[in-house]
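Colleague: The primary structure of each chain is shown beneath.
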Amino acid sequence: MTYLQYRITAYRYALKTLFKQLNQFALMISTLFYIFLPGLIAAMFFGLGKIVQSDSEHTSSQVMWGCLLLQTLLLNVLKPVILDDAHRMFHHSLIKNKSTIITADIAQLLISHVLLWMSIVLALAMGFDKLMKAPHFVGFVLTQVSMGVTLLYRPQAVVLTLITAFVLLSMTLSNLAYLAWFNAVMLMSCFVKPIRLSYSPTQLTVWSFWILYCVHYSWSLIWRVSASLLVIWAVAIIGAERPELLHWYTPMVALFALLIWASLGIKTTQYISEHRLFWVSLKQFGTLKKAQHVLIFVWYFLSWLTGAILLGMDGFSLVILAQVPVLQWCATNIPQRLAVCWGSLAVTTYLAKALM
Amino acid sequence: MIEIRQLHKQFANKLVFENYSNHFHCSKCCVLGENGLGKTTLFTIIAGLDPHYHGQVLLGGEPKLPLQDYVALASDKVPFPEFLTARQILSMTSASWQCDVPLALAEQLGFTGFLDTFVKDLSSGNHKKLQLLNAIMRNTPYLILDEPSAALDHAGVEVICQWLASFTGQVLISCHEPQPFLDIGFATQPLFGKR
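If you read the sequences in order, they're chains A and Z.
All residue numbers for the first sequence refer to our numbering, where the first residue is 1 and numbers rise by one.
All residue numbers for the second sequence refer to our numbering, where the first residue is 1001 and numbers rise by one.
Because the hints were derived from the structure by calculation, they are not lab data.
It should be emphasised that the depicted structure is a prediction, and the values quoted were computed from it without experimental measurement.
Heads up, a few of these hints could be off.
To be verified - BS3-like, lysine-lysine: derived pairs with alpha carbons at most 27 Å apart:
1) Z:K1120 with A:K193
2) Z:K1064 with Z:K1077
3) Z:K1120 with A:K79
4) Z:K1028 with Z:K1009
5) A:K289 with Z:K1077
6) A:K79 with A:K98
7) A:K283 with Z:K1009
8) A:K96 with A:K79
9) Z:K1014 with Z:K1077
10) A:K267 with Z:K1028
11) A:K16 with A:K267
12) Z:K1009 with A:K289
13) A:K79 with Z:K1014
14) A:K96 with A:K20
15) A:K290 with Z:K1120
16) A:K267 with Z:K1120
Stated by the list, open to error - To give an idea of the interface, some chain Z residues facing chain A are shown, with a C-beta separation under 7 Å as derived from the structure:
17) F1080
18) P1081
19) F1083
20) Q1088
21) S1091
22) M1092
23) S1096
24) V1119
25) L1122
26) G1125
Stated by the list, open to error - Listed next, the stretches of chain A that the computed footprint assigns to chain Z, with coverage defined by at least 3 CB atoms under 8 Å from CB atoms of chain Z:
27) 76 to 85
28) 118 to 130
For glycine and all other residues, C-beta sits at the position ideal for the given N, C-alpha and C.
Please model the complete structure; the sequences and the hints are all you need to start from.
Modeller: Encoded structure:
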């Protein structure tokens, strides 16, 4: 078996394991949203179309930023699979030449980069002549690649770039200039020394423990915050096009955020059970669980409030806020039924809305 | 002295104890038993960390509750959150049980330099030292140390033996290489059956 054959085998195996881990979530999405999956794909192409042609360059830049944030979330989940993280030392024990390893990494990145495929499909469908009239789209595709590669080896640079690029959105820049700045910032960020966030309280309580947990498992929060913001932002863009439909979308934003924040209950409950005896030995087990629920509620409330401010939510969104304890209880006590509970709540809410 | 009466403990598919009784009558007792017989399970029950059992645990002939107030346990079965430092773990125990962090003993164990190390970065030997310090600092009349010498360096074992020699309460340990403990007066007692 050659090294490249090994990488392909490892990639397939790791992907299979990842899908097994995501099995419940994937099943939930496919069961509840299978009717909407073609719509979701169409929405992605709609977004890419907005990059090619939009009423304003500013909107195009916003959509580009949103797509690059989305690709970062997706690729970060796949990163351990792409790099075969678990056996990285083994790679170096096999191969003297680092470039062979990097070539294999990048090849697998390109295979895994679904959003890049979609951009290429759109570019091919447009044809050469039309593509030349939208050179910034070519720049966007190249940025998708450069950002993907940076994420593999300099993830901090990607985070710094996304933050800086978000600030740059407030400036009047052409799409090409925006992408040039984006890549320049990313290149410079690659040379920034690793920033370590440290929080080390001297007197630790269950509350400061959860803060430490959030710092340590920041990815759990980052993807949830980003996904919540992306959904709010996508609905805001749709709302700008079809304001009369906005009131149908806003409860869905609140419900979607409810699902992803309630799912934090599954992860934290798993963590609590793994360390149950430690907390019991401190006589803090009950307090820890109460603090867990407060923590999840606060995060959801912040997400809900952002949606309420930006989209102007109605009474039904308030009803959804009242459903939070139910779903939190499901996530911590019957996690395997979370999807069903959420689905039931969503259907009931929309049924009530349609009837009233 | 610690006494177990008619203990029944079962996991989903495994019966660990059925009508089990034992009296740990020596003040320094090394509990012997092969791997997987249930020593650690018994220790967590005695320490009051596992309430899911039937039977009685008596301390000094009385059913004292909550057991946690009287028994401290050092065991791999009590995992520490890996993103906390050793000092943070000890300070939590100190706050919960109103006891002092045993800095002098930490110094003797050569652990002072690792107090600000994250649990995930501790070597297995230092992890064991943290477990021992965390249990010892509670000053309970009953102390249970599960495999106290596992992964410890020679000097560490000596310090622990020295400390145990002066401990006035009852101490139970499980150990597969018990000689250093037998040298300071520990008596062996099998998990099943009388001595």
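Colleague: Would the hint on V1119 of chain Z be counted as holding, given a Cβ-Cβ threshold of 7 Å to chain A?
Modeller: This interface hint is violated because 10 Å lies over the 7 Å limit.
Colleague: When you check the alpha-carbon spacing of K267 of chain A and K1028 of chain Z, does it fall within 27 Å?
Modeller: Judged against 27 Å, a Cα distance of about 42 Å means the pair is violated.
Colleague: Take the C-alpha atoms of K1064 of chain Z and K1077 of chain Z, compute the straight-line distance between them, and say whether it is at most 27 Å.
Modeller: Distance ~23 Å between K1064 of chain Z and K1077 of chain Z Cα, so the pair holds.
Colleague: Against the 27 Å threshold, does the CA-CA distance of K1120 of chain Z and K79 of chain A hold or violate the hint?
Modeller: Holds, because 23 Å separates the two Cα atoms, which is no more than 27 Å.
Colleague: Is the straight-line distance between the alpha-carbon of K290 of chain A and that of K1120 of chain Z 27 Å or less?
Modeller: Holds, at about 26 Å.
Colleague: Does the nearest C-beta of chain A fall within a distance shorter than 7 Å of the C-beta of F1083 of chain Z?
Modeller: 4 Å, holds
Colleague: Is the hinted pair K289 of chain A and K1077 of chain Z satisfied, with a Cα-Cα distance of at most 27 Å?
Modeller: Holds, because 20 Å separates the two Cα atoms, which is no more than 27 Å.
Colleague: Answer holds if the nearest beta-carbon of chain A is closer than 7 Å to that of G1125 of chain Z; otherwise answer violated.
Modeller: Violated. Min distance 20 Å.
Colleague: Just to make sure I understand the rule, a stretch counts as covered if three or more of its residues have a C-beta closer than 8 Å to a C-beta of the chain. Does the region 76 to 85 of chain A meet that for chain Z?
Modeller: violated (count 0)
Colleague: With a cut-off of 27 Å on the C-alpha distance, tell me whether K1120 of chain Z and K193 of chain A pass.
Modeller: Roughly 23 Å separates the two Cα atoms, so the pair holds.
Colleague: Would you check whether S1096 of chain Z satisfies its interface hint, that is, whether its CB is within less than 7 Å of any CB in chain A?
Modeller: 4 Å, holds
Colleague: Within 27 Å, alpha carbon to alpha carbon, are K1009 of chain Z and K289 of chain A?
Modeller: 26 Å, holds
Of the numbered hints given earlier, the model fails hints 10, 13, 14, 24, 25, 26, 27, 28; all others are met.
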